[in-house]
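Produce the entire structure from the sequences given, and follow the hints as far as they go.
Read top to bottom, the protein sequences are chains A and B.
The first sequence begins at 2 in my numbering and counts up one residue at a time.
The second sequence begins at 457 in my numbering and counts up one residue at a time.
Check each hint, because a few of them may be wrong.
[Unchecked claim] Label-pair restraints from in silico Cβ distances:
hint: 1; chain 1: B; residue 1: GLU471; chain 2: A; residue 2: THR21; range: 41 to 47 Å
hint: 2; chain 1: B; residue 1: LYS513; chain 2: A; residue 2: GLN9; range: 28 to 34 Å
hint: 3; chain 1: A; residue 1: MET12; chain 2: B; residue 2: LYS526; range: 40 to 46 Å
hint: 4; chain 1: B; residue 1: GLU525; chain 2: A; residue 2: ARG64; range: 28 to 34 Å
hint: 5; chain 1: B; residue 1: ASP515; chain 2: A; residue 2: ARG111; range: 22 to 28 Å
hint: 6; chain 1: B; residue 1: GLU518; chain 2: A; residue 2: PRO98; range: 20 to 26 Å
hint: 7; chain 1: A; residue 1: SER81; chain 2: B; residue 2: ILE507; range: 40 to 46 Å
hint: 8; chain 1: A; residue 1: GLU62; chain 2: B; residue 2: LYS470; range: 18 to 24 Å
Treat the hints as calculated values from the structure; they're not laboratory data.
Ideal Cβ positions, reconstructed from N, Cα and C, are used throughout, including at glycine.
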Amino acid sequence: AQTVTQSQPEMSVQEAETVTLSCTYDTSESDYYLFWYKQPPSRQMILVIRQEAYKQQNATENRFSVNFQKAAKSFSLKISDSQLGDAAMYFCASSGPSGTYKYIFGTGTRLKVLA
Amino acid sequence: DGGITQSPKYLFRKEGQNVTLSCEQNLNHDAMYWYRQDPGQGLRLIYYSQIVNDFQKGDIAEGYSVSREKKESFPLTVTSAQKNPTAFYLCASRGPGGGYGYTFGSGTRLTVV
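Right under this line is the structure:
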């Protein structure tokens, strides 16, 4: 069975500092996608960043970047210059079986940003 | 603007009642999904549909039912058979291809009273 594991239930970061959220996954698919979603207190899920597994280059979106280690099945999210608005739950997800693309989500990491 | 609308935002159910959660999208997406979110458990898949008039069970389908009569709509019914229905329910749709990413609705909080 495909799994996504987030081992850090909660993380804290000082405003303007950098934080890395960890995610490991297991899949038998040869081609797949990985995602990080943000869920602020409003509970609206927002796509932060995506990574195509066949691309070696790590994805970057402004202050958000990933460290994708395919062999280790690791997909961490780095947030640079943390802002108060970054405080949220962050979910890592994989795209699941090709065709159905039933995304599999981790249990989430709650990020607190300290002023 | 295109998006997904879930209603109601809050819903209260008495024991033994069925309730239906609405999910409508105007993104022209074929695939739609229902997830349940509980504290500490992430998102778990209830049902999904890849095309009109077709849907499949997810990991926790017992006590739930769905229909997909229109491309835009994917309502979820929580039946009285669902033992622990109190949760936050999220509807999502996906564009073509696995890398498109889900677009989520704003969710429905269901509470049994």
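*Mind listing which of the numbered hints don't hold for this structure, in increasing order?*
Checked against the structure, the hints that fail are numbers 4 and 8, while the rest are satisfied.
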